[in-house]
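Engineer: Each chain, written out:
Number of protein chains: 4
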Amino acid sequence: MSNASEQGPTEGLRGRLHEIIFEAETPAGRAFDVGLLWAILFSIIAVMLESVASVRAQYGSLLLGVEWFFTGLFTLEYLLRLFSVSKPLRYARSFFGLVDLLAILPTFLSVLIPGAQSLLAIRVLRLLRVFRVLKLSHLLGQAEVLLTALRASRPKITVFLGTVLTIVVIMGALMYVVEGQENGFDSIPRAMYWAIVTVTTVGFGDITPKTAPGQFIASILMVMGYGIIAVPTGIVSVELAAATRHAVDNRACPACGQQGHDLDAHFCKHCGHGL
Amino acid sequence: MSNASEQGPTEGLRGRLHEIIFEAETPAGRAFDVGLLWAILFSIIAVMLESVASVRAQYGSLLLGVEWFFTGLFTLEYLLRLFSVSKPLRYARSFFGLVDLLAILPTFLSVLIPGAQSLLAIRVLRLLRVFRVLKLSHLLGQAEVLLTALRASRPKITVFLGTVLTIVVIMGALMYVVEGQENGFDSIPRAMYWAIVTVTTVGFGDITPKTAPGQFIASILMVMGYGIIAVPTGIVSVELAAATRHAVDNRACPACGQQGHDLDAHFCKHCGHGL
Amino acid sequence: MSNASEQGPTEGLRGRLHEIIFEAETPAGRAFDVGLLWAILFSIIAVMLESVASVRAQYGSLLLGVEWFFTGLFTLEYLLRLFSVSKPLRYARSFFGLVDLLAILPTFLSVLIPGAQSLLAIRVLRLLRVFRVLKLSHLLGQAEVLLTALRASRPKITVFLGTVLTIVVIMGALMYVVEGQENGFDSIPRAMYWAIVTVTTVGFGDITPKTAPGQFIASILMVMGYGIIAVPTGIVSVELAAATRHAVDNRACPACGQQGHDLDAHFCKHCGHGL
Amino acid sequence: MSNASEQGPTEGLRGRLHEIIFEAETPAGRAFDVGLLWAILFSIIAVMLESVASVRAQYGSLLLGVEWFFTGLFTLEYLLRLFSVSKPLRYARSFFGLVDLLAILPTFLSVLIPGAQSLLAIRVLRLLRVFRVLKLSHLLGQAEVLLTALRASRPKITVFLGTVLTIVVIMGALMYVVEGQENGFDSIPRAMYWAIVTVTTVGFGDITPKTAPGQFIASILMVMGYGIIAVPTGIVSVELAAATRHAVDNRACPACGQQGHDLDAHFCKHCGHGL
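Protein chains in written order, with full-length UniProt numbering: chain G, 1 to 275; chain A, 1 to 275; chain X, 1 to 275; chain P, 1 to 275.
Please note that a few of the clues may not be correct.
Quick partial rundown of chain G residues pointing at chain A, CB under 7 angstroms, derived from the structure [stated by the list, open to error]:
#1 MET48
#2 GLY203
#3 PRO232
#4 THR244
The calculated DSSO-like cross-link candidates involving lysine-lysine, where the alpha carbons are at most 30 angstroms apart (straight line), are [stated by the list, open to error]:
#5 A:LYS210 / P:LYS210
#6 A:LYS210 / G:LYS210
#7 P:LYS210 / G:LYS210
#8 X:LYS210 / P:LYS210
#9 G:LYS210 / X:LYS210
#10 X:LYS210 / A:LYS210
Far from chain G, by Cβ distances over 10 angstroms, these chain X residues were calculated [what the hints assert, rightly or not]:
#11 GLU25
#12 ARG56
#13 VAL66
#14 LEU109
#15 ILE217
Just so you know, these hints were derived from the structure itself, not from any lab.
All C-beta atoms, glycine included, are put in the ideal place defined by N, C-alpha and C.
The task is simple: from the sequences and hints, build the whole structure.
Structural biologist: Encoded structure:
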């Protein structure tokens, strides 16, 4: 629950700051987290609104002010984080340290490189900071079960994705030959993009087969896509059922200490000791 | 089964009315429910037909008459409901009380504010009144199992929806930068709309990536959308299996104490003792 | 396995014909079934090819000949079926009797009503005759398991479809008001068609929301559609698991004769007798 | 693990070559496999890039050189394979032997038949050669479980696909009659293509119903497609659960005889006896 062990225990002002900023067990720590959550959400809404041409035309200066306000706030927070941890460099190079830096950098850079509209979009990465706050919530346990299920499914999902990719490459090349440039399939990569659009049942319709053989091949691809969606679903169902089952029983053997016993087990399956 | 306890038992005419209008155990009550069901369905069909320009042009006055007929009917019903319950205000402020009011209000308001076409569409909310009638049906048990499964899945589904939303925000901002205004991605919210269209495999095709990097990112998003649909499906399958299992039985055999008997079992399947 | 009991046992020529036409246990009966299967498939391919303008222009007279050949064949078969059963009227009014008649009627009617192109399309219903032949195949058991699962899921699927329909009606009316006639949502039924296209994740893109609020509502509808597909999938998975489990054990109790015992049952759960 | 038994043991240079080319247990054999994997991937990327008009215009001669380099490499490899096996003809006629030949043939043929662009696309079949290398990897076990599940589901999936095909044929013919040529449904095969696009929820939108009855039928088809996706998913889930379970264990306890132990169990979980 506590991040203290990560950055090492600290004392005095730094220790107090660390408790507020990095932990959520004290009222001040919890208030800081809630405040941060709202600041992140509002700043992202501001970034989004700024990207809408009509809103930027009318409220451009207001949004600029809001942006600098949040950038100032996040800069202050970043400096306080650097100050409150015992190993600032280790924090700065951690995943969340980089995300924290990316949350403020684009605004400063936009002064140096004017017109760098695309830089500003990086600021939506602030959203990732929400996970820093949420990692202390009760949803974590559920996320853990989901992750366990997905991790256990990884080899099967790799096989599945490999099969899908093979189908996409071969079907894409086939459609490039059959339909050709005049129907929008003007290169194998583009035909592969079409094959992905089709096999995932997205079906934008920006490129569509026009010839009879092309429509026949497309039909086969669609039925394949419609059918093989069953495979990852089945995989995750089975692994999730296993993850849920295992989550229920977490008894450790009193003799050998090993876990992973079934719910109906009366004896340790590793050493035979009674549970 | 009876709603009487909700509004309190009443006597005489009010009691009789309450029995007919709110309950379904007497022949009169059941007849009232069936009649109401048909009235709701016909009035909604009339609202739908009225919205079709060609039908309105030809049968406009007939539909207006039908509309006022049903409004009169539902107004009478609403007044009778108010009269027959012991606490009319409590009924009026309940969910179904508000739905009952919304079913008649738009027609009356359309006289005061002529041309308020959009007001009339509110009348399709009458459809919600169907659930008032159906709540006494045999489908309720099944709906209960489904709801139990969905309620148990809620934390997992929250985590899942949060992940999808994060993907949508970040992918939307990325596509806004990569594709830009000239390809239809003219703001982050619109690019997010596109990302939702894509990740859910709907794929309208009103906005599509035109550049090679845009199509590459879109391909990744599509495969993600195609794959992560497996997660809610797996979640609901597992929870539904649990909800169904619990609905089945939890009797233990009085002789050997083992559980897991079917609902229709009269004897223990392990030792043959009567349950 | 035998249909004889259905139409009653017959003797002599009629009995022999019945055996060949309706049953599949003799070599002649099996040969008849296989021949019929090919005749059905070829006649349907001919109907399909005839509908293609360019093929009709070139091979029109050949296809007409093929059509009359198959019509003659199926007419002969129909008359033989009528002759070989003991109750011809009962056969003629049965489901497959009507399908057999519909397989030949359109061709004869096309002589009386020339140019009735649409009549000819009815002939694809000949495809249903395939099921008459296949009903004796080894796939029947599998179809039975699937049907048992779907039948057991029916109340849950009814609740599910009712919910989807309610969402479609209310979302359709909402989009009719929000987007309006100028964006293609020109009536509530059309807006409902759009809502079905969206919630089922088909996403044709023939009608799409153009306004920001419309795209926001559409996003919610898409996420709903993406999520609630999990519900029928979960339902069918659970019921199919149950149907498969029950299909495995089909022991009847020696004492009371009742079935439906679990695989691990040693005693009848109905009467307690040892299995 | 070893392919030696397939082609028979060989000695001297041939035996050494066989070990390197066909097996992966020696460091040289593993290095050969990794090198081959990279050669396949790079040659496929080259084929893809060559199909892009703008890349071909600029780097055409470079890509031609790359192509001939890889063709030379694969030709050398093919000859070495032919030399190192004891029965070259048997190898040449095997599936992977043909794939190996198809990987080099198109480039040579492109000299004889100039401009045969489509021939070059055949070279993406080189991708299939990846599976030759990967068949020794740890993913094989997972693929085996998936294949077992799919094989067990085959009769059910046949029934399912047959039902989908019947729906597609009948709905296609119906839409051909209802919508007709003027709305893009200009033949039954094209209308069937549309029905597949719709029932699989792909929804390109290249052909869409324009009339009210057509949109109504399309709505039914979409809801069917949305619902029946649950069937293959349920089938695969159930079979995958069974395949996973069987992969786990079928040891019985020598003391109490009960089964259902985990793969890593050394002692019976019911009585504690060593397994």
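Engineer: Run every hint past the structure and note whether it holds.
Structural biologist: Evaluated hints:
At about 5 angstroms, the closest approach between the beta carbon of MET48 (chain G) and any beta carbon in chain A falls short of 7 angstroms, and the interface hint on this residue holds. Because the closest C-beta pair between GLY203 (chain G) and chain A is about 5 angstroms apart, less than 7 angstroms, the hint holds. Because the smallest distance between the Cβ of PRO232 (chain G) and any Cβ of chain A comes to about 4 angstroms, under 7 angstroms, the interface hint for this residue holds. Given the 7 angstroms rule on beta carbons, the hint for THR244 (chain G) holds: about 6 angstroms separates it from the nearest Cβ of chain A.
For the proposed pair LYS210 (chain A) and LYS210 (chain P), the alpha carbon gap of about 28 angstroms is at most 30 angstroms, so the pair holds. At roughly 20 angstroms between alpha-carbon atoms, LYS210 (chain A) and LYS210 (chain G) fall within 30 angstroms of each other, so this suggested pair holds. A threshold of 30 angstroms between alpha carbons decides the hint, and for LYS210 (chain P) with LYS210 (chain G) the separation of about 20 angstroms falls inside it, so the pair holds. For the given pair, LYS210 (chain X) sits about 20 angstroms from LYS210 (chain P) by alpha-carbon distance, which is consistent with the 30 angstroms threshold.
Of the pairs offered as hints, the one joining LYS210 (chain G) and LYS210 (chain X) holds, with about 28 angstroms between alpha carbons and a cut-off of 30 angstroms not exceeded. Taking the CA atoms of LYS210 (chain X) and LYS210 (chain A), the gap is about 20 angstroms. The hint holds against a cut of 30 angstroms. Chain G leaves GLU25 (chain X) outside its interface by the beta-carbon criterion, the shortest separation being 34 angstroms against a cut-off of 10 angstroms. The claim that ARG56 (chain X) lies off the interface holds: its Cβ sits roughly 15 angstroms from the closest Cβ of chain G, which is beyond the 10 angstroms cut-off.
For VAL66 (chain X), the shortest C-beta to C-beta distance to chain G comes to about 20 angstroms, beyond the 10 angstroms cut-off, and the non-interface label holds. Distance check on LEU109 (chain X): its Cβ is at least 30 angstroms (rounded) from any Cβ of chain G, clearing the 10 angstroms threshold; non-interface status holds. Every CB of chain G is more than 10 angstroms from the CB of ILE217 (chain X) (nearest about 18 angstroms), matching its label as outside the interface.
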